[in-house]
Amino acid sequence: MQINGEFQPKIVAFCCNWCSYAGADLAGNNRLAYPENVKIIKVPCSCRVNPMFILRAFQRGADGVILCGCHPGDCHYTSGNYYTRRRMALLFSMLNYLGIEKERTRVEWVSAAEGAKFAQTMNEFTEAVAALGENKRLEDLRCKK
Amino acid sequence: MQRIGVFVCWCGSNIAGTVDVQAVSDALQNEPGVVFSTNYQYMCSQAGQDIIKNAIAEHKLTGIVVCSCSPRMHEATFRKTAAAAGLNPYMVEIANIREQCSWVHKDMPTGTEKAIILGKAAVAKVNLNAPLKPGESPVTKRALVIGGGIAGIQTALDIAEAGFPVDIVEKKPTIGGKMAQLDKTFPTLDCAACILTPKMVDVAQNENIRIFSYSEIEEVGGFVGNFDVKIRKKARFVNEDICTGCGICTEKCPQKKVPNEFNLGMDNRRAIYIPFAQAVPKVATIDADYCTMLKTGKCGVCSKVCTAGAIDYTQKDEIIEEKYGAIVAATGFNPISMDKFDEYAYNQSKDVITSLEFERLTNAAGPSAGKLVRPSDGKHPHTIVFVQCVGSRCSACAEKGKEYCSKICCMYTAKHAMLTRDKYPDTDVYVFYIDVRTPGKAFDEFYRRAVEEYGVHYIKGMVGKVSPEGDKLMVQASDILANKQLHIEADLVVLAAAIEPDKSARPLATQLTASMDTNDFFTEAHPKLRPVESPTAGVFLSGTCQGPKDIPETVSQASAAAAKVIGLLAKDKLTGNPCVAGSDELMCNGCSSCERVCPYGAITYVDKEFRMPDRTTRVRRVASVNEAVCQGCGACTVACPSGAMDLKGFATKQIIAEVDAICR
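So the protein sequences, as listed, match chains A and B.
As numbered in the working numbering, the first sequence has no gaps in its residue numbers, which increase by one up to the final residue, 145.
As numbered in the working numbering, the second sequence has no gaps in its residue numbers, which increase by one up to the final residue, 664.
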């Protein structure tokens with residue numbers, strides 16, 4: 001998306017309910033700014049994120065997708081984030097093969113106490129995606145209005 | 001088709017300051033399914049909730065989107081509002097336009113644009129919501145308290161008073177915790193043992209309380225109301241039921257060179273020991289690391305002198321399995337290690353001690369029988385220097401100390417200084433501080449008494465170096481008010497070491513799936529409104545495992561945690577989380593992928609008869625979810641190759657609709 005001639009990436013962030021969503025709330029409580037490009041979708045656990053959601057996001061014109069979950073060992077459901085780690089390692093390498101640069105996808109562990117880390121992660125990620133420019137590899141032009 | 005109402009909250013100026021709320025409610029008016037859209041100053045207020053209730057009735061709404069603060073804050077409020085107006089509470093979705101929009105973005109156009117997109121995503125989701133009904137599960141009316149310090153003791157006593165059975169698991173041989181090691185307590189100067197030990201006896205005598213001392217948590221399973229816990233009762237090689245606590249074995253044991261941890265290693269105990277005279281349970285314990293009999297098979301003195309015949313060298317660790325409805329973490333604290341603070345010469349001189357060691361030195365039951373003497377030569381110290389904030393408020397030295405204030409040091413140092421001057425008026429007492437922090441009932445008066453009545457020298461400034469010279473300690477410090485360097489020849493230096501959560505807290509948090517902050521203190525469900533609950537349902541927090549606290553605060557938090565536990569155990573049934581997995585039997589091919597990833601074992605397989613289009617019947621193996629056990633993580637939904645498994649409340653279609661709305 002171009003705004004005033006400047007490229008503004010669309011970024012979808014999946015946050016687990018227990019750690020990362022609360023971490024994002026804490027960033028808000030502490031008024032730690034991060035780019036408005038980031039839109040958060042709440043999921044109960046990072047392991048709820050189906051690879052299909054990520055493909056769908058890229059198909060619909062997202063420029064970057066980030067998954068945030070509890071730190072390894074701290075998952076509210078004991079092992080959900082381990083599934084995420086394994087599934088996403090596979091998916092992201094496949095996406096990379098398809099031409100979705102690995103900088104456009106990311107898994108990050110953000111605890112409920114890490115508001116600062118959340119804001120910092122989003123700043124860095126948005127910057128990295130913005131530097132890559134628009135995602136055109138998977139975008140389905142039929143989805144465009 | 002849903003009939004959706006959108007309610008945009010201003011949250012005073014919290015949202016309206018950065019988001020044009022009128023523009024948001026106007027924009028969402030045109031979204032599919034939306035039949036009503038409005039905005040109001042405080043949606044969570046009674047008047048705001050009435051707007052929602054009236055709109056539900058007037059516009060026959062079937063779904064609601066509230067654009068407001070985080071769902072962690074008011075989702076429950078708005079669900080109740082919807083339920084009160086006859087709408088299924090799970091038809092409510094929150095668009096978080098405060099924490100994740102207005103508070104993190106600075107200007108109106110971007111804030112408004114993002115708020116509209118978040119609102120659209122929520123509308124898209126509600127369009128696919130279905131009414132949900134939570135299941136019910138029974139409550140095991142028994143509580144577990146982990147940690148037997150003053151926090152655990154108070155929590156257990158309060159729960160037991162209300163008539164519910166409680167188990168205390170304590171890793172040490174006795175309950176009592178840190179408070180048992182203290183001499184006097186601020187600000188009233190009553191003796192710690194005099195107020196603690198009667199409570200310990202109450203615990204021992206209470207029929208509702210069982211104490212598992214010298215025990216640790218091995219495994220925690222289950223969920224709120226129905227925790228399954230395995231407790232490892234470590235072998236103490238003494239039969240607890242027979243031992244009378246007479247103490248003869250602890251006098252006759254030939255192994256005399258065991259550092260006594262109760263006195264922080266300042267004197268020795270035997271290999272068989274009772275930590276202190278008022279220990280509960282008053283039972284001897286053999287320290288397997290030092291016992292000659294257990295190590296070499298030759299000795300057996302304790303067994304010979306024990307008239308009760310309680311010694312059992314063949315005892316093994318025992319695993320106890322018990323069910324609990326609620327769990328309270330009360331794991332407490334420890335002073336941090338002084339190893340990294342070379343400048344204070346803690347490891348070079350015996351006469352540089354921590355405040356807890358000072359506490360033992362002044363305690364009548366301590367290594368010097370309450371006489372304040374130098375640990376090195378047993379002489380009376382004439383000049384004592386207290387150093388505050390050793391490792392506390394240490395943002396520049398994060399790898400050494402802690403960034404937070406340990407909260408109790410100002411007060412106990414004032415107490416130590418005052419008591420020293422009271423008992424030994426010939427002693428010069430210096431206290432070096434960054435700030436003196438004494439908020440609390442009668443705290444500041446107490447500190448001022450130390451300065452004004454007892455003539456303690458309070459000096460604002462930090463100690464730079466302590467160097468042992470002969471039998472003296474040369475203290476180099478700065479007095480920043482007088483702007484000069486000081487050199488003090490001290491006999492004893494006392495370091496107010498920062499406190500940190502006990503090392504057992506981190507693995508326990510993992511077992512409980514309770515979250516922790518970056519300092520390993522347990523996080524509370526809400527820092528202001530739910531301070532004694534962990535975000536994990538059924539897990540409660542008591543005492544310093546949640547943050548630095550003094551005794552009065554610990555006791556109040558302990559009672560608060562007990563009240564929460566009693567409230568939980570008083571219920572006969574708990575309503576569960578209706579957002580659980582469910583399998584579409586027509587799509588399921590019985591492959592077992594979901595069963596393998598389920599962390600709770602909630603998925604089983606059943607053989608079910610299906611009528612085929614040609615009117616024959618076929619038996620197929622399909623997944624079946626036990627809704628009482630499922631916690632709703634969604635791992636199975638992704639593992640399912642045929643897409644049969646879905647999660648209520650976070651259905652695949654709903655999340656895809658949100659993705660689409662955001663990427664539109």
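For the record, the hints were derived by calculation from the structure and aren't laboratory data.
Check the hints yourself; a few may be wrong.
To be clear about the criterion: a stretch of chain B counts as covered by chain A if any three or more of its residues have a C-beta under 8 angstroms from a C-beta of chain A, and this derived list gives those stretches [unchecked claim]: (1) 177 to 185; (2) 274 to 287; (3) 340 to 352; (4) 651 to 658.
On the chain A side, residues computed to face chain B include the following (Cβ under 8 angstroms) [stated by the list, open to error]: (5) G5; (6) F7; (7) C19; (8) A22; (9) E36; (10) C45; (11) T78; (12) R85; (13) M94; (14) Y97.
We put the CB at the ideal spot given by N, CA and C, even for glycine.
Okay, the hints, checked on the actual structure:
Against chain A, the region 177 to 185 of chain B contributes 0 residues with a C-beta closer than 8 angstroms to a partner C-beta. That does not satisfy the three-residue criterion, and the hint is violated. Look at the region 274 to 287 of chain B against chain A: 0 of its residues bring a Cβ nearer than 8 angstroms to a Cβ of that chain, fewer than three, so the hint is violated. Requiring three or more residues with a Cβ within less than 8 angstroms of a Cβ of chain A, the coverage given for the region 340 to 352 of chain B is violated, as only 0 such residues are present. Figure legend: the region 651 to 658 of chain B, annotated as covered by chain A; annotation consistent (4 residues with Cβ-Cβ distances under 8 angstroms, at least 3 required).
For G5(A), the interface hint is violated, the least distance from its beta-carbon to any beta-carbon of chain B being 16 angstroms, above 8 angstroms. Evaluation of the F7(A) hint against chain B yields a violated restraint, the C-beta minimum of about 15 angstroms exceeding 8 angstroms. For C19(A), the shortest C-beta to C-beta distance to chain B is roughly 6 angstroms, which falls under 8 angstroms, so the interface hint holds. With its C-beta approaching chain B no nearer than about 6 angstroms, A22(A) sits inside the 8 angstroms limit, and its interface hint holds.
Interface hint at E36(A): satisfied, since its Cβ lies 5 angstroms from the closest Cβ of chain B, which is below the 8 angstroms cut-off. With a cut of 8 angstroms, the hint placing C45(A) at the interface with chain B holds, because the nearest CB-to-CB distance is about 4 angstroms. At a threshold of 8 angstroms, the smallest CB-CB gap from T78(A) to chain B is about 5 angstroms, leaving the interface hint in force. A cut of 8 angstroms between beta carbons decides the hint on R85(A): the least distance to chain B is about 12 angstroms, and the hint is violated.
With a cut of 8 angstroms, the hint placing M94(A) at the interface with chain B is violated, because the nearest CB-to-CB distance is about 15 angstroms. At about 21 angstroms, the closest approach between the beta carbon of Y97(A) and any beta carbon in chain B exceeds 8 angstroms, and the interface hint on this residue is violated.
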